[in-house]
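Number of protein chains: 2
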Amino acid sequence: MPADRLDRQLEFIVELDSLKSIHRKTLKICEPSYENDAEHSWHLAAMAVILREHADEPVDLARVLQMVLMHDVVEIDAGDTFAYDDEAAHREKERREELAAKRIFAILPEDQARQMYNLWREFEARETPEARFAAALDRLQPLLHNYLTRGTAWRDHGITAEQVLEHNSHIAEGSTFLWEYVLRIIRDAVRRGYLPES
Amino acid sequence: MPADRLDRQLEFIVELDSLKSIHRKTLKICEPSYENDAEHSWHLAAMAVILREHADEPVDLARVLQMVLMHDVVEIDAGDTFAYDDEAAHREKERREELAAKRIFAILPEDQARQMYNLWREFEARETPEARFAAALDRLQPLLHNYLTRGTAWRDHGITAEQVLEHNSHIAEGSTFLWEYVLRIIRDAVRRGYLPES
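Chains A and B, in that order, are what the protein sequence lines are. Using the numbering used here, you'd call the opening residue of the first sequence number 40 and step up by one each time. Using the numbering used here, you'd call the opening residue of the second sequence number 40 and step up by one each time.
Treat the hints loosely; a few may be bogus.
Claimed, not checked - Okay, the calculated beta carbon distance ranges per label pair:
id	chain 1	residue 1	chain 2	residue 2	range
1	A	G197	B	R223	49 to 59 Å
2	A	G232	B	K141	31 to 41 Å
3	B	D46	A	S72	20 to 30 Å
4	A	E149	B	R194	37 to 47 Å
5	A	T120	B	T120	34 to 44 Å
Unchecked claim - Covered by chain A, per the in silico footprint, the following chain B stretches (three or more residues, Cβ under 8 Å):
id	stretch
6	66-73
7	86-93
Keep in mind the hints are simulated off the structure, nothing from the lab. Note that beta-carbon positions come from the ideal geometry of N, C-alpha and C, so glycine has one too.
Let's have the full structure, built from the sequences with the hints guiding it.
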């Protein structure tokens, strides 16, 4: 093994620590503070373990887990973009995230850098069963949090049921069963006044 | 599917959120605050992805990942026990964690409850290659944090190099290669004054 292989792996592992300081717009359920990317990624991974039977197509669990564990690494440089920002902000986000992926994964030994970069691109493209299921969980988790914290983050940002439906519709691409559940809780959120209809 | 299967799975997923409020005695590297169990579990999982080639025996990545993602769930009820507490405290911890595992995993549908409980017991017993490697990472991660935060948590608790060596020695059961690295950083920590020898 080249002398610096472990050094590069550990440098990447230390770099990852920064995700613990990147805060999202989602409130935790257990206490009134915003969760960070590390907590969010862990929660997605645990959900993948428990909910994988609901994926529309069979998924390789190890691939889904690696994807959700690494999907937000680019936010170390690019920051968290609010899900309901406009299209221009999202195009700018894509540019920043591509640069971030290039820099951060390149810390790793070449073979692993390529593997992690490809995994991240696969997640973003949502063209494989694993990526579609991982992306569905990435939407379901904050939606559950927003519902269980009585829509506080939705109301703080003036979000409507119409926007939530549109933004989360690709849960349906990964799991029809979970999407049906989501439709029920969105209707309930409207009924409870957590979300205006439009 | 029984009507309540998804309800039970989601109840468990919501219960897990509490790990985001259970603080450990390890400082984050990226900011001067203590990390919580969710952040720690995510970091272990990412380390498993990157470092698995260093396990002494081949490991099934999906099993290792599930183990590290779920290994601290019992702390929702049992709390974080300081690694350097005495033996009586550790026996009491085992009792509390067994009760916690029984309650928390039982939220899940029966098949998954059994599966997650068995995975947790497997992790604790360190008798399989996957459990030995997962346990090695569970020691290596805080050790790296303590070293990179200049031994602050070690000094705050009056820990010596002798204690660190003894406590972390089962890293050697999972990876001889990572254990050699650990011996080097412990020696360096002594040299830099982060740790007194005894």
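Results for each hint:
1. G197(A) / R223(B): 49 to 59 Å: holds, 54 Å
2. G232(A) / K141(B): 31 to 41 Å: holds, 39 Å
3. D46(B) / S72(A): 20 to 30 Å: holds, 27 Å
4. E149(A) / R194(B): 37 to 47 Å: Check passed, 39 Å falls within 37 to 47 Å.
5. T120(A) / T120(B): 34 to 44 Å: holds, 39 Å
6. 66-73: With 4 residues close enough to chain A, the hint holds.
7. 86-93: Answer holds; 5 residues pass the 8 Å Cβ test.
Checked against the numbered hints above, the structure breaks none of them.
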